[in-house]
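Undergrad: For reference, the chains in residue letters:
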Amino acid sequence: MNNELTAEMLGLRKRVVGVTGSLVATIDGLLVASDTEESVAADHLAAVAAAGLSIARRTVEVTDRGAFLQTMIQGRKGCTAVYAVGDMALMVVLGDEGLDIGSLHGQSRPALERIGSILTEGE
Amino acid sequence: MVAVRTPGAPGPETLLTRTGRIVPPEGGGRGGEENGVRKVGIAELEVVRMVSAYDAAFAIIAGSVEDCMLRAGDEPQAQEQAPGWGEDPGSLVREALRRADALIALPHAVLPHDDLVAVAAGVDREAEGGTPIRREILLLADGRRTCRDIAYATAHGVYAVAVEVSRMLGDGLLERAVPGEPRLGGAGEGPILPRRPVVEGAVLDPPQALPRRTPGGGGVIPSRTEKRAKNWADFARFRDLAK
Chain S
145 MNNELTAEML GLRKRVVGVT GSLVATIDGL LVASDTEESV AADHLAAVAA AGLSIARRTV
205 EVTDRGAFLQ TMIQGRKGCT AVYAVGDMAL MVVLGDEGLD IGSLHGQSRP ALERIGSILT
265 EGE
Chain B
60 MVAVRTPGAP GPETLLTRTG RIVPPEGGGR GGEENGVRKV GIAELEVVRM VSAYDAAFAI
120 IAGSVEDCML RAGDEPQAQE QAPGWGEDPG SLVREALRRA DALIALPHAV LPHDDLVAVA
180 AGVDREAEGG TPIRREILLL ADGRRTCRDI AYATAHGVYA VAVEVSRMLG DGLLERAVPG
240 EPRLGGAGEG PILPRRPVVE GAVLDPPQAL PRRTPGGGGV IPSRTEKRAK NWADFARFRD
300 LAK
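The listed protein sequences correspond, in order, to chains S and B. Just so you know, the working numbering puts 158 at position 14 of the first sequence, and the rest follows in order with no gaps. Just so you know, the working numbering puts 225 at position 166 of the second sequence, and the rest follows in order with no gaps.
Calculated directly from the structure, the hints in this document are not laboratory data. Even glycine gets a Cβ: it sits at the ideal position worked out from N, Cα and C. Some hints could be false.
[To be verified] When the alpha-carbon atoms are kept at most 16 Å apart in a straight line, the in silico EDC-like pairs for lysine to aspartate or glutamate are as follows:
hint, chain 1, residue 1, chain 2, residue 2
1, S, K221, S, D244
2, S, K158, S, D231
3, S, K158, B, D174
4, S, K158, B, D293
5, S, K158, S, D172
6, S, K158, S, E265
7, S, K221, S, D208
8, S, K158, B, E240
9, S, K158, B, E125
10, S, K221, S, D187
[Stated by the list, open to error] Chain S is faced by these chain B residues, among others (derived, beta-carbon under 7 Å):
hint, residue
11, T73
12, G145
13, L198
14, G202
15, Y211
16, A214
[Stated by the list, open to error] Here are the in silico distance ranges between beta carbons for each label pair:
hint, chain 1, residue 1, chain 2, residue 2, range
17, B, R157, S, E181, 32 to 38 Å
18, S, G230, B, L198, 27 to 33 Å
19, B, G275, S, V192, 53 to 59 Å
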């Protein structure tokens, strides 16, 4: 599982211009794997992203917006995207100011499906 | 040509805000050229836009293009983005090609969007460097960043960073890096299984009858029960005994 998962994470950073890192965590906020800069506390980010995803899912539900896709949080120096990976996991993608968001969404969908399969199959 | 935009090179907003030429608006807003507090004149603003356009044209030639879009001058989006004086497209392309040739001619030329660079072994990233741009590159070269990433972080052009990185590779200050493996967390050992469905009405430990107290069950001294008062006269007797 580990090699396939890390290959997907590295591949996303290589393919999408502006992606600076990513992590995969369980829906409870437990870290599965991280490919982030040293300055990013991956454990904390996993926990915060899980909490945010829960709120975002609930927001989509109460506003009747259909199936949840992703949240995108933008700051002055870049953005953070949180994607649901099936029902039990999530992926956070970090990008800088120049992140090609269209390319990210296009590339992330198939990557999320593959990561979902990897996580549920395991070793 | 009044503007060239690409994810491969920092745009005017990044160059202006990161260098403090424009202070982003408080509490929100996109922080674009027209928002926030501008600390540059029209002429300097135009120069930054043109520098950005030339750098973006170089980045497009040096990198790979998946998609592109041409916006004509009468489109509202084009007018919002670049109300500048404009540049001859031919000279823009010629300059981009000249820059690409100049970079390739360097002995340790890097690919600005592909090659990851790290500080060479034995080099002190705090002490070495020299010029300001070299010091910034040394601080940011962590093996995860390309020249394009460093350009965004430092608000320099991609071409300027690529040339400097190539020279620093030659000087032995930097080295090419291979992507580091992602780190595994505590939940990365086995498969992530869905939760078992909740069974309605199920209880883990069905309650039995409520516990009943029995005399002496709590370890009460038997003799104490014999001293229990039966009427007010007994109370008086016990009080005398206590004295």
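Undergrad: Starting from the hint list further up, note which numbers the structure goes against and sort them upward.
TA: 2, 4, 5, 6, 7, 10, 12, 13, 14, 16 and 18
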